[in-house]
Amino acid sequence: MTALFSLAWASLLNRKGSVILTIVAVALSVALFLGVEKARSGAREGFGNTISGTDLIIGAPTGSVNLLLYSVFRMGGATAEVSWPTYQKIAAREDIAWTVPIALGDSHRGYRVMGTNLDYFKHYKFGGGQSLSFAEGKPFDDLFDAVIGSDVARELGYTLDTPLTLSHGLGAADLGSGHENRPFRITGILKPTGTPVDRTVHVSLEAITAIHVGWETGAKNPLADTIPEEMIRSFDLTPKTVTAIFAGLERKGTILTTRRAINTNRGEPLMAIIPGEALAELWNVTSVAERALLAVSAFVIAVGLVSILTSILSSLNERRREMSILRATGARPGHIFFLLVLEAGLVGFLGAALGIALVHGLIALFAPMLQAQYGVAFSMGAPGLVDLAVLGGVTLASLLIGAIPALTAMRRSLADGLSVRL
Amino acid sequence: MSGPVIDIEGLTFAWKQGPQVLDIAAFRLEAGERVFLRGPSGSGKSTLLGLIAGVLAPQAGRVRVLGEDMSALPPSRRDRLRADHVGVIFQMFNLVPYLSVTGNVLLPLRFSPARRKAAGGDAKSEAHRLLARLGLEDPSLLNRRVSDLSVGQQQRVAAARALIGAPKLIIADEPTSALDADARDRFIALLSEEVTRSGASLLFVSHDASLAPLFTRAVDLAAINRAGVRA
Ligand SMILES: Nc1ncnc2c1ncn2[C@@H]1O[C@H](COP(=O)(O)OP(=O)(O)OP(=O)(O)O)[C@@H](O)[C@H]1O
Ligand SMILES: [Mg+2]
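If you read the protein sequences in the order shown, they are chains A and B.
If you read the first sequence in this note's numbering, its first letter stands for residue 3, the second for the next number, and so on.
If you read the second sequence in this note's numbering, its first letter stands for residue 814, the second for the next number, and so on.
Just so you know, these hints were derived from the structure itself, not from any lab.
Incorrect hints may appear among the rest.
Stated by the list, open to error - Part of the chain B face toward chain A, derived, beta carbon under 8 Å:
#	residue
1	P871
2	S925
3	R974
4	L1024
Unchecked claim - With beta-carbon atoms standing in for the labels, derived distance ranges:
#	chain 1	residue 1	chain 2	residue 2	range
5	B	R942	A	L409	36 to 44 Å
6	B	V964	A	E320	17 to 25 Å
7	A	A359	B	G948	42 to 50 Å
8	A	L416	B	D882	36 to 44 Å
9	B	P952	A	L364	42 to 50 Å
10	A	K18	B	G948	42 to 50 Å
11	A	S8	B	P853	38 to 46 Å
12	B	Q872	A	L387	25 to 33 Å
13	A	E320	B	R957	20 to 28 Å
14	A	L387	B	R957	28 to 36 Å
15	A	A5	B	R942	20 to 28 Å
Claimed, not checked - Incomplete in silico selection of chain B near chain A, CB under 7 Å:
#	residue
16	A896
17	F906
18	L912
19	L920
20	L949
21	F1028
Glycine is no exception: its CB is placed at the ideal position from the N, C-alpha and C atoms.
Isolated chain B (complex conformation) (with noise of 0.2 Å):
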């Protein structure tokens, strides 16, 4: 992959009859960068995310993921972008309660047969082998409840389906809030690992500033975002 992941330029976005959330002259991310997107709480982050991922339209200006310009895209495309491309991570409630661990690890497959093949023939032990590397190789929890997890597993379950199928892009939303410092720390290395080793890039959200080191980049929402919406 040559050219950005992720070329932000001139987007606005409102919600419907609200005021502007966004106003963003350009926001770039490279190919193996690990960015770390740093803003308060109602600043805009997870509606940035929902435009990057092709879940909302903007206004105006011009989203390009992987190259492809998101806004151009008819709905069904930038659909189909996001599911063999884009893994996401949540805050917390990331799993599908009725589906067990390895079910919910594997759901990204359903939906993309990009995804199922870059998996390889075997996706269940693909699976277990993601899990592994994120710390849960305890077999006995590959067929429990996902509500009987602890939070910090159920984030780490969030990440391996995340990364299932090798997308190029993973865009996480404040996953380890809810996490206490040495969970969090021990989470983001992980995930760092996981992404560097796919070949991924990362888009991490956070409030938390102090997180700033753990990665190659980090961003000021504030700087680029000229809508700056008070919370």
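Looking at chain A on its own, in the form it has when it is part of the complex (with noise of 0.2 Å):
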């Protein structure tokens, strides 16, 4: 067998430069699946690392999913709120640590706002157990300081202490749609998560109230903005409703039945979520659009060992001679075989070695700027189990690949005899 291989490898050495563009067909192809499959991994891990440490989600009757989707990753919006006094019933069950409240439905420049209290920077965990910390500032105190994610910093350029207004609604350049004679003033701004919360607005439960003073009837009352400031500080601005409720439960075990006790909850309907539950739910319908997308790339890889075929089938003609030559020195038909399955074997396993390192190369080159740019994470490090059985399938389908040609080079040995044809 190693006679066989250094006889393999001189061979395509001869070949360097049609075996060079087929290694190249190879790996580019193993570089697409490999990309697809880690940006798959990479969004799933972001997603899953969002948010940790929250046993339950709290909000008003939905789907599980929608429900996580719009607390979580500010997508979509809630159809309807959970009022104030079923929120502090919630707070106050006993099989309840704590509660963190979230009120969503005004943007700034096409950036989400969330008014929560003080708790959420205590308790919101991403990323497997950590916490937010400051990149600069502080949390909000007044009630019109608001705190920003690093991405809303970074891309509208704000400081500390930029005023900024809020836009009624979810618009993403509805400027001057509501909010805009109630400034805010940042007061801190938060470091990266890679979460969707770099790309909040953080204010107070209270500073949701305020601005919506005289927004009773749903539309903006055109007296609304002769209220004065002053004046709004003086009004109980104990929030009526909420979006959603995070919640960590004294006990773990505790998780099941407490689901069900809100689930079934007497007076206002509720419901609760398990974030993990519901992110595997989320997966499940994600994984159709998935599975179509690796089976794309799984085609693409088909290609590029159907180009390994071709380019060691077109070879035969030329080899004709070198056959007989082997023949005649001693080889065996076997031999034959083995030798044209060891080149196929030899061109798939460098174009898959090759393709992974180029998408792992291009993952270290590209991450950081897709991270920022695109909020996608791929997943880095060194190669994984995914790309070893890349690298184990793409080599043992080209062996196998490869015994086409070896089947005919090994026929057509035997029927030519020692008479050595051109």
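Using the hints, put the two chains back together into the complex; each one sits in its own frame.
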């Protein structure tokens, strides 16, 4: 076998040009497949890393994926809210250790605004237990203080004390549609987290109530702007409703009974979800698209493998004489067979290895940029099990595909006898 | 070795669906002989060598090589016998293009442990010794691409390859037809010398009757072949 290995190697070196092209074709197809796979697993990891330490998320009844998406990922919106007395009842439950109420629905230049209280900075955890920390400044204190995520600061060029105004609703560019007469002041900028927190403007729940004074009907009262700030500060700004509640339990063991108790709440209907479970449900939905994408890139690998086949098949005619020489010098038909199978396997192996190196190189080069620009987190690090499986799979497949030209060459060498043909 | 190296009896062969190419009642080649087999183009010389080398199988009759009935052996044993005991030289384009001169000479050792053993511990210097004997001592030649060699040099490399590991039988299929008369005679002289030195037997095939005196015996294929296909 080692005798054949060095022969196969020498033969490939002899056809460097076309062999390198084939290797590159295989490498590109493998790189595409692995790139898709790494983006997929990176997205999952990124989503999975967005929330941790929160046992239950509670909101008005809706789909569990929907509740997860709008409360944690700021995607979509709530159709109903939870009333303040109900929130207080939940916060007072024996089995619940802490709660963080959040109020969503406003925006600032396309970034979502979230009303919450100071407990948010204490209890919200991401990436397997990390707490939020401040790059600059401190949590909001005054009614019109705001804390912004790192992306908001970077993309809008905001620093501490920059004034900003909020817009009613979630429109990206609807400046001037609402709260521009109630300017906020930035008191804190958070460190990057790689989560939607980076793209959020945080204010107090009372601030959300305050900017909606005069909006009680759902639309702006023409007189709303005439109410002076001092007067607003004197109002009772306790929120009437919250959008969702993050909750931590006293003991993890009660999670199912607590959830059932909340879901069957007498009075206001509620819904409690376990973040991990809802995430799994989300993956169920997206896995169809993921699988389609992976299937397409797997087909691209198949095309790469076919290029191995064509390159070897097309070389067979000019190598007919070489096969006769090998036979005459003692090679058995099996040797001819394995020589070609080995060549195919070597090309596949080298192509896959190059593809893996390519993907890891590109990720190392561009992952920080992609993460910053698009929030796509690629899983970095040393080649893992997936890479190994692809390397093994592609090598095995090329060995198998090599059997086709190998059989042809073997049969031909048997039929040719010793007469060497051109 | 006591018995004949080649012993053919009642051999017939036809390529699939073709007419009979060979029908040989008897042919023998004794140990130590250097036999010249003459026949016109298309008369079946290469076919006969294929049968002797065990690359082809006869339809009827027996081809014994070194006492083994090639037609009765399973294909793998036939291949083993060829790898261990037969050296082959072709008319031209003898060499594997992607191996160096030395690599080509060492090629049979890859497939035959017996010849590896016979070539001794240092196969490379044995290859160089054979090449030097055949007039290729220039060390710069050894690592050159084989396609850069002259045809005469290529044929001598092929002869060294056939000889390495001391096979008992060398078969040569018109190895000199691409050489001029001078180079041809020198090649045959060197080959004969090395064959004799290693104690092998030689079956040398050509259509060129003028070579006959350079061998211990000359045989006309037409005389032993009753099939007599014309080209
Ligand atoms: N692989 C093959 N398949 C079918 N027929 C073949 C094959 N090789 C040779 N033949 C036929 O067998 C006959 C003998 O051919 P062979 O090559 O043995 O002749 P040869 O004596 O070696 O001729 P030359 O001196 O030209 O080399 C020819 O008619 C040829 O057409
Ligand atoms: Mg011939």
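Hints, one by one, checked against the model:
1. P871: violated, 12 Å
2. S925: With a minimum Cβ separation of about 5 Å from chain A (threshold 8 Å), the hint on S925 of chain B holds.
3. R974: Because about 7 Å separates R974 of chain B from the closest Cβ in chain A, which is inside the 8 Å limit, the hint holds.
4. L1024: violated, 20 Å
5. B:R942 with A:L409: 36 to 44 Å: holds, 40 Å
6. B:V964 with A:E320: 17 to 25 Å: With a Cβ separation near 19 Å, V964 of chain B and E320 of chain A satisfy 17 to 25 Å, so the hint holds.
7. A:A359 with B:G948: 42 to 50 Å: Holds, at about 49 Å.
8. A:L416 with B:D882: 36 to 44 Å: Check failed, 20 Å falls outside 36 to 44 Å.
9. B:P952 with A:L364: 42 to 50 Å: At 47 Å between Cβs, range holds.
10. A:K18 with B:G948: 42 to 50 Å: violated, 32 Å
11. A:S8 with B:P853: 38 to 46 Å: holds, 41 Å
12. B:Q872 with A:L387: 25 to 33 Å: violated, 57 Å
13. A:E320 with B:R957: 20 to 28 Å: Check passed, 21 Å falls within 20 to 28 Å.
14. A:L387 with B:R957: 28 to 36 Å: For R957 of chain B against L387 of chain A, whose Cβ atoms are near 47 Å apart, the range 28 to 36 Å is violated.
15. A:A5 with B:R942: 20 to 28 Å: Holds - the Cβ-Cβ distance for A5 of chain A and R942 of chain B, about 22 Å, lies within 20 to 28 Å.
16. A896: OK, holds: A896 of chain B within 7 Å of chain A, min 3 Å.
17. F906: With a minimum Cβ separation of about 6 Å from chain A (threshold 7 Å), the hint on F906 of chain B holds.
18. L912: Holds: closest Cβ of chain A sits about 6 Å from L912 of chain B, inside 7 Å.
19. L920: holds, 5 Å
20. L949: It is violated, given that the least Cβ distance between L949 of chain B and chain A is near 18 Å, above 7 Å.
21. F1028: violated, 21 Å
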